[in-house]
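Following the hints, position chain B against chain A.
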Amino acid sequence: MHGRLKLRPPDAARRRQREEKLRQYRESMEALLGGPPPAQVLSLTGSVLASNPDVGTCWNLRRRALGALGGDWVPSELAFVGQCLGVNPKSYGAWHHRSWVLARAPPAGREDLALCERLLAADPRNFHAWEHRRSLSASRDAEAELSFAGDLLSRDFSNFSAWQHRLRVLGAAGDCGKGALSQDRLQKELELVHHAVFTDPTDQSPWVYLRCLLSRGPEKPRVVFVHVDREDSTLSVVFSRPVKVSPEWPELEVTLDGSALGVSWSSGEGRPRPSHTWLCDLPAPPTQSPAHFEVTWSRGSAPVAVTLQPGEAEAWWEEPIREQELFWPEVGGACPQVLRAQVGPCRELLELEPQSRGCLLTLSLLLAALDPRGHAQEIREHLRNLQDADPLRSGFVADVRSRFEVVLGILGAGEGLSLPSKGLTVVPLLERVASITRLELPGNELGAVPGALGAMRRLRELDLSDNHVTDLGSAPPLPRLELLRLDRNPISHASALSSLAAWPRLARLRLAETPLGSAPDGPAHVTELLPRVDVAFS
Amino acid sequence: MADNLPTEFDVVVVGTGLPESIIAAACARSGQRVLHVDSRNYYGGNWASFSFSGLLSWIKENQQKTDLNDESEDWRKLILEDEEAIPLSSKDKTIQHVEDFCFGDQDSAEGVEEAGALPKLPVFGAPGAQGVSAASEETPTAEGISLGSEQSPAAEGAEKENPAAESPAEEPQSPEAEQAPGSEPGAAPGDGAGTAPGTGAAPSAASGESAPEPAKTETAPSENAAQEPKKITYSQIVREGRRFNIDLVSKLLYSRGLLIDLLIKSNVSRYAEFKNATRVLAFREGKVEQVPCSRADVFNSRQLTMVEKRMLMKFLTFCLDYEQHPEEYQDYESSTFAQFLQTRKLTPSLQHFILHSIAMVSETESSTLEGLQSTKKFLQCLGRYGNTPFLFPLYGQGEIPQCFCRLCAVFGGIYCLRHAVRCLVLDRASGRCKAIVDHFGQRINANYFIVEDSYLSESTCTNVCYRQISRAVLITDQSVLNTDSEQQVSILTVPPLEQGRAAVCVIELCSSTMTCMKDTYLVHLTCPSTKTAREDLEPVVQKLFNVNTEKETENEELEKPRVLWAVYFNMRDSSGVEKSSYAGLPSNVYVCSGPDSALGNDCAVKQAETIFREMFPTEEFCPPPPNPEDIIYDEDEIEPEESGLNNSPETKPESSAEESSSGDGAAVTKEE
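Chains as they are written, first to last, in this note's numbering: chain A, 25 to 562; chain B, 6 to 677.
Chain A on its own, in the form it takes in the complex (with noise of 0.2 Å):
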């Protein structure tokens, strides 16, 4: 009708638009991969990628052809990849490609920097563009970085991109390359985060800071167990961390009284993955004299020595432990004074939050670190309530209680360490007490067998009854394991126990009140695999 508007349909024009780009993404890719010249193969790409800058093959022809064409192309390139990540700010490609344009050019300028600081004024949280300003920032003013990071964060600070730039900037600045701060750098942070977890204590990114703020950073792996076993010929090494030493480069040195032994190295799985436990056969020790050997694990450390006299069945060396880094390694070295100062705040923040997960765990970890037997009681309150606070995270939660109580239980441990209705969903640190000869852990929420179980190379009774163990698996053969108990464990097939077969001393193995034993041919198929041992299902 006259004088009436009429009206498209509203997505005609946007197909049209869709379908255009189409039939051009087509046509020049069909162009591309008819292997035009460089020249062109560099409009062509441009065309495609400048819409849409995630087509890789794109990227591969542009790189291939600017090698092929020289020049100093690097300036129109930057360019070009800016204007794509203005179409897509996240473009993994993209910012490949950048990383590729800037490796072949002088060091990166401030259009980099300044890029950056346009990406992540639009959207903070740009982990692409952190990455990238990290890159070219290693060189920079470590003062500039953090108020960089620290205006983002006065913006949001919820921004766990922002927090840790802060962190990597402060460990570069920190001398004597431990990432130790200066004091007064260190407690500028702490403030900065107090500020933030008073402010909005649900919020995660803080704590994570705070936490990282306080540890050093991982430990390196170190022997912690060293063990000589005269009847079965080997030696056994424990290391504090899962390590992998290659059979044919080993790190790992053995002497025999001075003179280098070349042994080959297996895992206590048996497997050539990284492990706590690494086993070597040794040739026969004299009988007569003591035989020293010494043990060198080339990252560092000293070497371990460890004498076995005429006459013993077993040599080993222990490393004492140290109550503070037992539960948290990587802050117990940390000056207490600092950990102390930050219990104050925590406690008053869970005054006012007793929800509060983020401040529950930190206390507890703060606390743990500090004097885990001395705070016991209070530890275990907080992790109770973060157990109630956090229902999505209960597992984890679990097995910090479960690492707290192991702690606990080897502080007082002497030849056994008994743990029992513990509620343990994990038992770690098992390599800190590889020479106990006594396990018990009945009456705990244990699901398989404990994963450094490998280390306890003298272990003879392992009391596993009363958890929910279904299948030993792949359990490590221990060389030393007479009894065994899994009564009321949900095993129900004999399969679940074929591994151990290859345990070389199992006598006795209880299995009252399993499946397996009210099982018709259960017991028939337990005495087939286990010929020599003596099996009770009762």
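Keep in mind the hints are simulated off the structure, nothing from the lab.
On a predicted model such as this, the values are computed, not experimentally measured, just so you know.
Heads up, none of these hints are tricks.
The calculated lysine to aspartate or glutamate pairs, modelled on EDC-like cross-linking and capped at a C-alpha distance of 20 Å, are:
1) B:Lys350 / A:Glu375
2) B:Lys319 / A:Asp180
3) B:Lys319 / A:Asp227
4) A:Lys212 / B:Asp302
5) B:Lys611 / B:Glu583
6) B:Lys319 / A:Glu375
7) B:Lys350 / A:Glu372
8) B:Lys319 / B:Glu333
9) B:Lys65 / B:Glu118
10) B:Lys319 / A:Glu372
If you want the ones that stay clear, here's a sample from chain A, every Cβ over 10 Å from chain B, calculated:
11) Ala74
12) Ala103
13) Thr258
14) Asn409
15) Glu469
16) Val557
Some chain B residues judged to face chain A by a derived CB distance under 10 Å, without partners named:
17) Arg300
18) Ala301
19) Asn305
20) Val312
21) Lys314
22) Met316
23) Met318
24) Lys319
25) Thr322
No residue lacks a Cβ here, since even glycine has one placed at the ideal position from N, Cα and C.
Then chain B, alone, in the frame of chain A:
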């Protein structure tokens, strides 16, 4: 022009204040023929903004208060026998007690003229360029917020890089664009009539005086001003008067308030630009302090201790969903919000911040629930466009009614300023109003009539009891709280200085809001009246500012900003008046109120929507206008592609039905 106005309309709107303008836009948008008139020579009525000289003539006009009783009663002849006239008032009586003060050397300003004042000498170009130079200097388009694009953490870089891309750069527009200062209102009736804001006030089509050229012809005195920024004289204010856009009402837009929603929904937002209020201030123990209100503010605050931060955040988080936690407040429902706050472990300064600056409620009267509601509203508005809940329209609040007028004009509404209406014509038989008679004696027929309260005669309003608003406008030389940035838009609530008074809302605008000249601040004070505006507000002005002339200042006074010029006036608050209180109004005559004393604009929007829905219950209120690119003119054919896709006979009629129904709402006489 005006004497051959069409005589048939669907809706006649008298008054160009905010509610009237919204109704006019909504009616035109839904296809009604709209005539929108105002007896004044500027848009907005009591919602208008003025340049400095414009404000001076407004002051003069309102101080004289001479009644023009020599009006001819010729129009009575046009009333037929079965009709009755409801006369309208010819004189605006809503402004009282206007008192202006100059704290500088006023004499030296004699003979100084406003730069860019309209043609006493018809020089084309140079003076006009100066009038606009504010725009080129301050680059408002770079700072202004265009609604619609909300601030979101995941905003894409490309969009953010050029915020001005979507909001067309507009030159400053001012209501007096078509008003010749010095010419007496009504002296040349008909001159300004018939101009539609679509052309007249629309910046794009403004006449030569707003040619968008940078000011190359800066005069010597203003260069001096740049060298000594702190010494602003009265004569400079006069000379730079066109840089002022002084609002008669002082309001801010809540960023999730009804007006913002309406501006976005109706797409009127494209006609305006906004600036975030940058800070919320409090006045406590004689000191002005910044109130941390957002999470980032609290984190960055240096004045709060860690525990205070927690207590404040905890309380604010609670307020955001207080309805979910009735156990927290139900014991205090009968007490005041101030008493409730005392039970919340908040330090006195936090209680003050929350009560006066965030909830902005009365200490002695507001209940707990009222306070919680206001706090929640404030908090919900945070973060949509920035760190405070408020937006301010660049070039002043007076822009907003004009933006709606423009939408109305785009959809065919006809505009006449300086067009007085003598009476409404009542049809005795039906009891309905059928026409108006204007000051030319022309009868204009319509179905619905919207009249702003101030146009109603005394006899119509005898039973109405009006409240008053006390207003003050100051031009000062410094901010009430100096920080590293000079360009701050601040809102400050000053609690009552004595019992029985109301809290005073202070809004301080900087020059980048395009409402005042460089190196000055425009300060608006507003409160519900208890006495005259000066009696109500002067004590607050004395607390915050240095009102002494030059030398006799004491040291402590030197710290305070100096007032260069001030005006006080009372404005009638006709909000909240029931229609039944007006005597003898037919059912098809609707009354719009003038500005209310609240900070936001919800009252006006609510009123406009209510009236529109009463008139046209089945029509949508201000739906988004069609995208110009989607409009197909008759000459254009619908693309073959479309018909190719829809060639099955079943779908065809359906799609054409859709088209015509969506076209219905957008009827437009092809005018451009």
